[in-house]
Amino acid sequence: MDVRSTNAGQREALIERARVAAREPRTEVQVRAEVDRMLLTAGRVAQNVSALNLFAGEGDVAVREGRTASGPANYLLYVDQALDTRWSPTLIRRTPAG
1 MDVRSTNAGQ
11 REALIERARV
21 AAREPRTEVQ
31 VRAEVDRMLL
41 TAGRVAQNVS
51 ALNLFAGEGD
61 VAVREGRTAS
71 GPANYLLYVD
81 QALDTRWSPT
91 LIRRTPAG
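Sequential numbering of the sequence shown, starting at 1, is according to full-length UniProt numbering.
Since the hints were derived computationally from the structure, they do not count as laboratory data.
Here the structure is a predicted model, which is why all the values come from computation and not from measurement.
Glycine included, every Cβ here is placed at the ideal spot set by N, Cα and C.
Treat the hints with care, since some could be wrong.
[As the list claims (entries may be wrong)] DEER-style ranges, computed between Cβ atoms: (1) Thr6 with Phe55: 36 to 46 Å; (2) Arg37 with Thr85: 22 to 32 Å; (3) Arg19 with Val49: 34 to 44 Å; (4) Arg11 with Arg86: 36 to 46 Å; (5) Asn7 with Ala56: 43 to 53 Å; (6) Val79 with Ala51: 33 to 43 Å; (7) Ala8 with Asn53: 26 to 36 Å; (8) Arg37 with Gln10: 50 to 60 Å; (9) Ala21 with Asn48: 28 to 38 Å.
Given the sequences, and given the hints that come with them, work out the whole structure.
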């Protein structure tokens, strides 16, 4: 992007992205709190695997630090007590097809 040919809105967006990139990295605790907040906003109840209750909330539950047949996952997402592998492949580690 040639800064000289951008409009004011584009420049402000570029400056804001630079500010975000220059921030100190967040800790795992901070990131987890943000993800939990986003899950709650999306209508999911976030729980620790040690306190698993798939009947909590409206049936949408996110379980922190779960395990699957293919390994660990930061979050396992359940809908109506069933593991939801379609929701977001970036949040669920799945066994590759084939």
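These are the hints, each one checked on the structure:
1. Thr6 with Phe55: 36 to 46 Å: For Phe55 against Thr6, whose Cβ atoms are near 52 Å apart, the range 36 to 46 Å is violated.
2. Arg37 with Thr85: 22 to 32 Å: 23 Å, holds
3. Arg19 with Val49: 34 to 44 Å: 36 Å, holds
4. Arg11 with Arg86: 36 to 46 Å: Holds - the Cβ-Cβ distance for Arg11 and Arg86, about 39 Å, lies within 36 to 46 Å.
5. Asn7 with Ala56: 43 to 53 Å: 48 Å, holds
6. Val79 with Ala51: 33 to 43 Å: At 19 Å between Cβs, range violated.
7. Ala8 with Asn53: 26 to 36 Å: Given a distance of about 51 Å, which is not inside 26 to 36 Å, the answer is violated.
8. Arg37 with Gln10: 50 to 60 Å: 30 Å, violated
9. Ala21 with Asn48: 28 to 38 Å: With Cβ atoms ~32 Å apart, the hint holds.
Figure legend: structure checked against the earlier numbered hints; hints not met, in rising order: 1, 6, 7, 8.
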